[in-house]
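K.L.:
Please build the complex by placing chain B on the supplied structure of chain A, with the hints as guidance.
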Amino acid sequence: MAKQADPIQTAARRIKNAAKTGKPCKPIRDLIKKGDVDAAYAIQTLNTQAWIKEGRRPVGRKIGLTAKSVQTQLGVDQPDYGILYADMEICDGDEINAARIMQPRVEGEVALVLDEDLFDEQLTLVDVLNAVAYALPAIEVVGSRIANWDITITDTIADNASSGLYVLGTKPVCLSEIDLRMCGMVMENKGNQVSVGAGVACLGNPLNAALWLARKMVDVGMPLKAGDVIMSGALGPMAPVAPGDAVEVRIAGLGSVQASFGI
Amino acid sequence: MADILKLAKTVDDAAKDARAIPQLSAKEKITVEEGYAIQSAAFSRRLARGETQVGIKMGFTSRAKMIQMGIDDMIWGRLSDGMLVEDGDEIDIKNYVHPRAEPEIAFLLGAPLPYACTAAEAMAAVDAVAPAIEIIDSRYKNFKFSLADVVADNSSSSGYVVGSWSSPGPDLSNLGMILEINGRPTQIGSSAAILGHPARSLAAAARIAAAAGEPLQEGWIIMAGGATAAEALRPGITVRNSVQELGFAGFSVKG
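Residue numbers (this note's numbering), protein chains in the order written: chain A, 1 to 263; chain B, 1 to 255.
Quick caveat, the hints were computed from the structure, so don't treat them as lab data. Source: prediction; values computed, not measured. Ideal placement from N, C-alpha and C gives every residue a C-beta, glycine not left out. Some hints could be false.
The following label-pair restraints were derived from C-beta to C-beta distances [what the hints assert, rightly or not]:
(1) A:D115 to B:P170: 23 to 33 Å
(2) B:E218 to A:N148: 51 to 61 Å
(3) B:S164 to A:A98: 48 to 58 Å
(4) A:E54 to B:K65: 41 to 51 Å
(5) B:A211 to A:T21: 56 to 66 Å
(6) A:G22 to B:T31: 47 to 57 Å
(7) B:M66 to A:Q78: 29 to 39 Å
(8) B:R49 to A:Q78: 28 to 38 Å
(9) A:D219 to B:D72: 52 to 62 Å
The shape of chain A in the complex, shown without the other chains:
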């Protein structure tokens, strides 16, 4: 009898191959049970292990699906996460090479940087507050290895939560200096307003998202560590970007961060 290919491995290879070749692939949902989130994370984890083996350095996590509207759209009631690697970081104001990211879209977010590990069981908001060294304004450039962003919840989870690149502002702000629930967010592309929102759009407060992540990471045996960057989730609707665009995100109390896209 011919050996059956493991669907988890097949899916992981499909996505990794798309990432390496820059050619979007079919969704992977045909390979696993509909809505099987555990299988989707198993696919993501296979690729995480493979990437690390190839020398990529994990530096934190991104949280996705933090807006009620997006959760409803994908038929889920909780966020998801992906791994941030050092090579995904773009410096404030730098130009992003279009070849770096597939089917890019941008989001304005709060990034949280930890200076303590978060490994305990039953973590609380206070644990998170104590572990956050500072916050930064951030642009997340999401991308999808799945052609035409034809994603269900399992496709995006398997694809490292549709992560792409991230750009951080450079002036750290202590949590006591900012109201993360009420802070306004405006994103402009070449000076035109393309997205507005506020901290509350991210699960009620970006810190709620961070707590969800911290607990989840303990559950799955990959606890957050001192130095980790948390991209906590969009504060407003995502916006498309094209070569030649220049994006700025401003978050009240956190300042601004910019990225441009090469032609």
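P.N.:
This is chain B only, laid out in the frame that chain A set:
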């Protein structure tokens, strides 16, 4: 040529009696200019009933909304003391046709702004700012109208709630704004959605009001325009607009 006084009575009666009417433009063509003449005449009927003008409201202050409506300037309407809903008060939906709430920022003028001015000059005349809610309520069936129709109908203005005033200290360009229904966020935005900065809306108000021959006066309240989409009101709900740095304003709808 439209019969301004007759049409003014039609929209004013509809507002007074909380009754939906067909669009004015369904019967005869009216221009935007005639729309403003009808609004003015309809507002005069309020004044004749003993109400006083206390300011103006700006509408279509987001570029998205302007593009959606196919227009290139804002619209405005008049605010009377009779339209004020006290912060924390209860309204009866029977007094409205199909009301909606929009989170806004209100300006209180400490000096007149009688001419077109810059945003900086406009802010210099501001005595205080407050979180606010506008209760918009088109008197037209299904909230459907042409530009001239909505202008004639006081730009859908029907009521307004103003929270605590504070001195215009904070940077108003990007304040988070949350419209909550029964304590749950239903619309989330930023003051940046108001023309990029609410002060620009105030400067536009000064320009438009001066051009209309009714310059902005000291003591007037200027509602700068919606920061998000409007939420439909229904009996029994509590509505609140929270604005970063400024606090909140709210009201409830009788069950």
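K.L.:
Of the numbered hints stated previously, which ones are contradicted by the structure, given in increasing order?
P.N.:
The structure conflicts with hint 8 only, although it agrees with all the remaining ones.
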